[in-house]
Every structure is written in C-alpha cells, then in structure tokens.
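In the order they appear, the protein sequences are chains R and B. The first sequence stops at residue 183 when you use UniProt numbering, and every number in between is there. The second sequence stops at residue 183 when you use UniProt numbering, and every number in between is there.
Do not take every clue at face value.
No distinction is drawn between identical chains; accordingly, a pair holds when it is met within one copy or between any pair of copies.
Said to hold, decoys possible - The calculated SDA-like cross-link candidates involving lysine to any residue, where the alpha carbons are at most 25 Å apart (straight line), are:
#1 35 with 134
#2 45 with 16
#3 45 with 32
#4 115 with 152
#5 35 with 112
#6 115 with 153
#7 115 with 28
#8 35 with 3
#9 115 with 156
#10 45 with 25
#11 115 with 155
#12 115 with 157
#13 45 with 104
#14 115 with 154
#15 35 with 23
#16 45 with 8
Since the hints were made in silico from the structure, they are not lab data.
Protein chains: 2
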Amino acid sequence: MARGRVLEAALALFAEHGVHGTSLQMIADRVGVGKAAVYYQFRSKEDIVLEAIRPTIEDMARVIRTAGALPDPEQRRVVAVSGMVEMVVRNRQLAVIFHGDPAIDQIMNDEPDFKAVSDGLREIVEGPERNVAERISCSVFLSGVGKAAADPELADIDDDELHRALLELSGRILAPAAEPASR
Amino acid sequence: MARGRVLEAALALFAEHGVHGTSLQMIADRVGVGKAAVYYQFRSKEDIVLEAIRPTIEDMARVIRTAGALPDPEQRRVVAVSGMVEMVVRNRQLAVIFHGDPAIDQIMNDEPDFKAVSDGLREIVEGPERNVAERISCSVFLSGVGKAAADPELADIDDDELHRALLELSGRILAPAAEPASR
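Start from the sequences and build out the full structure, keeping to the hints where you can.
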C-alpha cells in the first residue's frame with residue numbers, strides 16, 4: 001500500500017467529516033486495508049494530517065516566495081492574491097479543509113513552518129501599512145475566497161468561471177477603503 | 001445545574017475544539033459536574049449541539065422574516081445583509097462555529113428547520129436573478145464576513161469599528177459585477 005493512497009483517502013475524509021471527525025479506522029476502511037497497515041506507514045493520525053496538508057502549504061510557500069521577491073508592495077499583493085485564488089480553484093475540495101476546520105487552524109498555529117507561511121501570506125496581502133481596514137479586508141479575502149471555492153452550493157460552476165469571479169471579488173475586497181471613516 | 005450553563009460551556013468548547021473535538025466529558029468538566037448530571041439534562045451530545053445553536057438560528061430567522069416582508073428585492077437584501085453583519089459582530093465568538101465547523105454545516109443541512117433558514121438567507125442575499133456572479137458573491141459574503149468576525153487575528157479591533165468595516169466590505173462584495181464578462 002502506497003503512502004499516497006492513505007493521504008488521498010485521509011484528505012477526502014477530512015473534507016467530509018473534519019479532522020476531528022475522522023478516525024484512523026475510517027481512513028483504513030476507505031483505503032480497504034487494516035489499521036495495522038496504516039500504522040506501518042504513519043505513526044499517528046496527527047502524522048497523517050501533517051503529511052496530507054504539507055503539499056498545499058508548500059504550494060502556498062511558493063506563491064509567497066514568488067511574491068516576496070518583488071520590490072513593490074502592490075505587485076507583491078497582486079501576485080500573492082492571484083496565486084492564492086489559483087490555488088483554491090485548482091483544489092476546491094481541499095479548500096474546505098483549510099478554511100474552516102478548527103483542527104487545521106490549530107496545526108497552522110502550532111507548527112512553526114506552517115505558521116510562518118500563513119503569517120507571510122497575511123503580511124503580503126495586508127500591505128505595509130496594516131491599518132485596521134486592511135487587516136479586516138485581508139481576513140475577509142482569505143476566508144471568503146477559500147470557503148467559496150469549496151462551497152457545495154457552487155459545485156455546478158466551472159473552474160474558469162469561478163476563477164474569474166473570485167479574482168474580480170478579491171480586487172473589490174482588497175481595494176483601498178472608500179470611506180476614510182473606517183480607517 | 002441549569003441547562004444554560006451546559007449550553008454556554010458547550011458553545012465555548014465548540015469554538016475552541018470544534019463540535020467533533022468536544023466530548024460530553026469535556027463539557028461536564030467545564031461546568032464542574034459529572035457526566036451523569038449532563039445526561040440528566042440532555043439525551044446526547046447532538047441534543048446539546050442543537051439546543052446550543054438554536055438561539056442563533058432563531059436570530060437569523062428573525063432577520064429573514066423582517067427582510068422577507070419588504071416588497072423590494074434590493075431592500076430585502078440590505079436588511080438581510082445588515083442584520084447578518086450585526087449578528088456576527090454581536091457574537092464574534094460564536095461566528096467561528098457557524099462559519100467553519102463541518103459538523104455544523106451537516107446539522108444545518110440535515111435539520112429541515114435550520115436548512116430553511118439558511119436557504120432563505122441565501123435566496124434573499126443572492127437576489128431574484130441568482131446568476132453565477134451573484135451566487136459566488138453571496139458565498140464569499142456569507143463565509144468571509146462570518147469568519148472575519150471570529151478571526152483571532154482581529155481580536156484587538158473593537159466591535160464598532162469591525163461592524164463599520166464589515167458593512168462597507170459587504171456592500172463591495174455584493175455590488176453588481178462591474179465586468180459583464182463574469183456574468
């Protein structure tokens with residue numbers, strides 16, 4: 001049994017039941033093997049969670065590296081935002097795990113490597129000023145776009161159309177606030 | 001022991017650990033009683049979850065009733081959106097449960113009363129045309145605004161400022177799409 005099959009089954013179950021709602025037994029059943037076979041490959045469920053989400057974090061780190069190399073904050077933001085939108089649309093099923101599951105929120109906070117990526121993204125998207133209005137817009141962008149990509153109510157919308165619409169919405173959400181009162 | 005204390009403890013634990021990550025034992029410990037005392041009040045954890053989220057669903061139903069009574073779709077939308085923003089800001093801690101937890105998503109789908117409220121809200125916010133762009137904007141609004149209200153990174157921002165900023169962002173997100181290409 002390949003590790004990849006376990007990780008794939010685990011991700012599908014996490015998306016359906018959440019990380020806390022998924023047991024090692026459920027993962028083994030989905031792969032069609034015994035629990036012992038899964039334990040042969042992974043030490044624990046936590047181990048599976050970390051391995052399963054790592055490729056996505058690495059994707060995100062790549063977007064941030066690409067953006068961070070640019071000198072201009074506005075260019076950095078455009079590259080980071082468009083890269084994130086591309087990521088969530090490419091992997092709509094996975095987006096639900098990253099934008100909602102409290103267990104993943106906790107891992108993203110507890111693992112220093114992962115925390116650095118998520119902080120780096122927020123820093124680029126919020127911009128150098130980081131005023132209150134920009135911090136709120138950034139939060140709405142990060143969770144709104146991610147969750148919409150995974151929204152079952154939008155499952156009939158094709159990827160290209162979703163991609164265009166989310167990019168357009170990201171632009172609106174992250175545009176400088178019109179009213180100075182909210183600054 | 002009052003039922004209210006159990007429900008209050010349960011909601012706090014759901015926000016921290018998710019519904020799946022919260023056991024009846026954890027709820028009993030938080031209240032400072034034995035599991036038997038909790039079972040005396042509630043049949044099961046599911047029972048506690050339903051009771052704990054019901055007041056919020058009823059709040060939401062009230063917003064929809066108020067909005068739905070208006071004749072003009074644009075007025076209905078304004079009332080529903082502003083009502084939702086007020087709700088999430090008034091209860092920032094609770095917002096995390098409603099905008100992320102897969103267990104709650106499932107309950108909202110499985111309980112016909114709750115499903116009717118959530119469908120009603122979506123219908124009013126999407127508007128009568130319900131084209132693709134509007135459906136996507138509605139999804140980004142519902143999850144983005146809700147999750148931002150509960151975002152621990154924004155915990156230092158006071159309610160009034162958050163309220164103003166989220167209302168302003170809701171207006172931008174739900175404004176008619178500028179580019180006809182995304183329709």
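Problem set entry | Violations among the numbered hints | Violated hints: 1, 5 and 7; rest satisfied.
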